[in-house]
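So that you can map any letter, position 17 of the sequence shown is 30 in the numbering used here, and since no number is skipped, the others follow by simple counting.
In short, the hints are calculated from the structure, not lab data.
All of these numbers come straight from a predicted model, not from anything done at the bench.
Any given hint might turn out to be false.
[What the hints assert, rightly or not] Listed next, with one range per pair, are the computed distances between beta-carbon atoms:
(1) Glu37 - Ala132: 44 to 50 Å
(2) Thr140 - Phe82: 48 to 54 Å
(3) Glu70 - Ile115: 40 to 46 Å
(4) Val15 - Glu49: 33 to 39 Å
(5) Lys83 - Tyr39: 43 to 49 Å
(6) Asp26 - Leu133: 29 to 35 Å
(7) Thr114 - Lys23: 31 to 37 Å
(8) Lys124 - Glu65: 46 to 52 Å
[Said to hold, decoys possible] In the PhoX-like style, the derived pairs of lysine-lysine whose C-alpha atoms are separated by at most 25 Å in a straight line are:
(9) Lys85 - Lys110
(10) Lys107 - Lys129
(11) Lys141 - Lys120
(12) Lys83 - Lys111
(13) Lys23 - Lys83
(14) Lys141 - Lys129
(15) Lys141 - Lys111
(16) Lys110 - Lys23
Where is the CB? At the ideal position from N, CA and C, for every residue including glycine.
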Amino acid sequence: MVLYFEKFHKNSDNQYEVSFPDLEPYAATYGDTLEEAIHSAHDSLTGYLLTEEDFHEEVPTPTDDPEKFKLKEPNFLVPVQVDLQLEREKEENKLVKKTLTIPSFFKHPGKRSWIKFLALLSEAIKTKFRHLIPSHLSNLVCKKPVGSTLTGF
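Taking the hints into account, I'd like the entire structure generated from these sequences.
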(Lines of atoms letter the chains of each structure in order from A; the text may use other names.)
(Lines give C-alpha, C1' and ligand atoms only; values in the text may rest on other atoms or scores of the structure.)
Protein backbone atom coordinates (compact mmCIF):
# COMPACT_ATOMS: atom_id res chain seq x y z
CA MET A 14 0.00 0.00 0.00
CA VAL A 15 1.40 3.38 -0.99
CA LEU A 16 0.18 6.86 -0.17
CA TYR A 17 0.81 9.82 -2.45
CA PHE A 18 -0.52 13.35 -2.33
CA GLU A 19 -2.56 14.75 -5.20
CA LYS A 20 -2.36 18.47 -5.87
CA PHE A 21 -5.62 19.98 -7.11
CA HIS A 22 -5.91 23.24 -8.99
CA LYS A 23 -9.14 24.70 -10.38
CA ASN A 24 -8.39 26.18 -13.81
CA SER A 25 -10.13 29.01 -15.69
CA ASP A 26 -12.51 26.49 -17.32
CA ASN A 27 -13.65 25.39 -13.84
CA GLN A 28 -11.99 22.02 -14.28
CA TYR A 29 -9.87 20.43 -11.60
CA GLU A 30 -6.32 19.76 -12.74
CA VAL A 31 -4.56 17.09 -10.71
CA SER A 32 -0.86 16.41 -10.43
CA PHE A 33 1.29 14.40 -8.07
CA PRO A 34 4.12 16.55 -6.69
CA ASP A 35 6.31 13.49 -6.08
CA LEU A 36 5.81 12.27 -9.66
CA GLU A 37 5.77 15.51 -11.66
CA PRO A 38 5.72 15.81 -14.61
CA TYR A 39 4.98 12.13 -15.29
CA ALA A 40 1.50 11.67 -13.84
CA ALA A 41 -1.33 14.18 -14.18
CA THR A 42 -5.00 14.25 -15.05
CA TYR A 43 -8.12 16.41 -14.68
CA GLY A 44 -11.86 16.24 -14.14
CA ASP A 45 -14.82 18.48 -14.86
CA THR A 46 -15.99 17.99 -11.27
CA LEU A 47 -14.08 17.32 -8.08
CA GLU A 48 -15.52 13.81 -7.94
CA GLU A 49 -14.38 13.10 -11.52
CA ALA A 50 -10.94 14.52 -10.79
CA ILE A 51 -10.51 12.35 -7.68
CA HIS A 52 -11.56 9.25 -9.62
CA SER A 53 -9.31 10.13 -12.57
CA ALA A 54 -6.42 10.85 -10.22
CA HIS A 55 -6.68 7.41 -8.64
CA ASP A 56 -6.73 5.81 -12.10
CA SER A 57 -3.82 7.94 -13.27
CA LEU A 58 -1.70 7.17 -10.22
CA THR A 59 -2.49 3.46 -10.37
CA GLY A 60 -1.74 3.26 -14.09
CA TYR A 61 1.53 5.14 -13.70
CA LEU A 62 2.75 3.03 -10.77
CA LEU A 63 1.81 -0.28 -12.43
CA THR A 64 3.50 0.76 -15.68
CA GLU A 65 6.67 1.76 -13.87
CA GLU A 66 6.57 -1.57 -12.03
CA ASP A 67 6.10 -3.43 -15.34
CA PHE A 68 9.21 -1.77 -16.78
CA HIS A 69 11.20 -2.23 -13.55
CA GLU A 70 11.60 1.52 -13.17
CA GLU A 71 12.29 3.05 -9.80
CA VAL A 72 9.41 5.16 -8.52
CA PRO A 73 10.15 8.10 -6.22
CA THR A 74 9.38 7.48 -2.58
CA PRO A 75 6.21 9.33 -1.60
CA THR A 76 6.59 12.37 0.61
CA ASP A 77 5.14 11.56 4.01
CA ASP A 78 4.59 15.13 5.21
CA PRO A 79 2.15 17.35 3.29
CA GLU A 80 3.76 20.42 4.90
CA LYS A 81 6.78 19.88 2.62
CA PHE A 82 4.71 20.94 -0.38
CA LYS A 83 4.50 24.67 -0.87
CA LEU A 84 1.07 25.37 -2.38
CA LYS A 85 -0.36 28.61 -3.66
CA GLU A 86 -4.00 29.37 -2.92
CA PRO A 87 -6.50 28.00 -3.95
CA ASN A 88 -4.56 24.77 -4.65
CA PHE A 89 -5.08 21.96 -2.18
CA LEU A 90 -3.72 18.49 -1.43
CA VAL A 91 -5.63 15.24 -1.10
CA PRO A 92 -3.94 12.04 0.10
CA VAL A 93 -4.61 8.96 -2.02
CA GLN A 94 -3.78 5.39 -1.09
CA VAL A 95 -3.22 2.71 -3.71
CA ASP A 96 -2.99 -0.99 -2.98
CA LEU A 97 -0.72 -2.05 -5.85
CA GLN A 98 -1.15 -5.75 -5.16
CA LEU A 99 -4.94 -5.47 -5.36
CA GLU A 100 -4.76 -3.25 -8.46
CA ARG A 101 -2.39 -5.73 -10.14
CA GLU A 102 -4.78 -8.59 -9.38
CA LYS A 103 -7.69 -6.61 -10.85
CA GLU A 104 -5.64 -5.88 -13.96
CA GLU A 105 -4.66 -9.51 -14.41
CA ASN A 106 -8.24 -10.71 -13.88
CA LYS A 107 -9.76 -8.86 -16.82
CA LEU A 108 -12.00 -10.89 -19.06
CA VAL A 109 -10.91 -11.51 -22.61
CA LYS A 110 -13.27 -12.16 -25.48
CA LYS A 111 -12.83 -15.50 -27.25
CA THR A 112 -14.97 -16.81 -30.07
CA LEU A 113 -16.52 -20.19 -29.38
CA THR A 114 -17.20 -22.65 -32.18
CA ILE A 115 -19.19 -25.78 -31.37
CA PRO A 116 -20.54 -28.60 -33.50
CA SER A 117 -23.90 -27.55 -34.93
CA PHE A 118 -25.67 -30.58 -33.49
CA PHE A 119 -25.11 -29.08 -29.98
CA LYS A 120 -26.78 -25.77 -30.86
CA HIS A 121 -30.43 -26.86 -30.90
CA PRO A 122 -30.37 -29.21 -27.89
CA GLY A 123 -28.48 -26.49 -26.04
CA LYS A 124 -31.13 -23.88 -26.81
CA ARG A 125 -33.96 -26.22 -25.85
CA SER A 126 -32.26 -27.02 -22.54
CA TRP A 127 -31.47 -23.35 -21.90
CA ILE A 128 -27.81 -24.22 -21.61
CA LYS A 129 -25.72 -21.15 -21.01
CA PHE A 130 -22.73 -22.00 -23.18
CA LEU A 131 -20.50 -19.20 -21.90
CA ALA A 132 -21.20 -20.07 -18.27
CA LEU A 133 -20.67 -23.77 -19.00
CA LEU A 134 -17.37 -23.11 -20.74
CA SER A 135 -16.23 -20.74 -17.99
CA GLU A 136 -17.03 -23.31 -15.30
CA ALA A 137 -15.19 -26.03 -17.23
CA ILE A 138 -12.11 -23.83 -17.62
CA LYS A 139 -12.27 -22.81 -13.96
CA THR A 140 -12.50 -26.47 -12.90
CA LYS A 141 -9.68 -27.53 -15.22
CA PHE A 142 -7.31 -24.81 -14.01
CA ARG A 143 -8.51 -24.47 -10.40
CA HIS A 144 -4.97 -25.09 -9.14
CA LEU A 145 -3.78 -21.91 -10.92
CA ILE A 146 -6.41 -19.58 -9.46
CA PRO A 147 -5.51 -17.81 -6.19
CA SER A 148 -8.23 -18.59 -3.64
CA HIS A 149 -9.10 -14.93 -3.05
CA LEU A 150 -9.84 -14.53 -6.79
CA SER A 151 -11.80 -17.73 -7.38
CA ASN A 152 -15.19 -16.03 -7.04
CA LEU A 153 -14.20 -13.42 -9.65
CA VAL A 154 -12.85 -15.73 -12.33
CA CYS A 155 -16.18 -16.71 -13.87
CA LYS A 156 -18.00 -13.43 -13.51
CA LYS A 157 -20.45 -12.46 -16.23
CA PRO A 158 -18.97 -10.03 -18.77
CA VAL A 159 -20.73 -6.69 -19.04
CA GLY A 160 -23.26 -6.67 -21.85
CA SER A 161 -23.06 -10.39 -22.52
CA THR A 162 -25.87 -12.84 -22.87
CA LEU A 163 -25.32 -16.21 -21.36
CA THR A 164 -28.17 -18.02 -23.07
CA GLY A 165 -27.55 -20.21 -26.10
CA PHE A 166 -26.70 -19.04 -29.59
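Practice problem: Provide an ascending list of the numbers of those earlier hints which the structure does not satisfy. | Solution: 4, 5, 6, 7, 9, 12, 16
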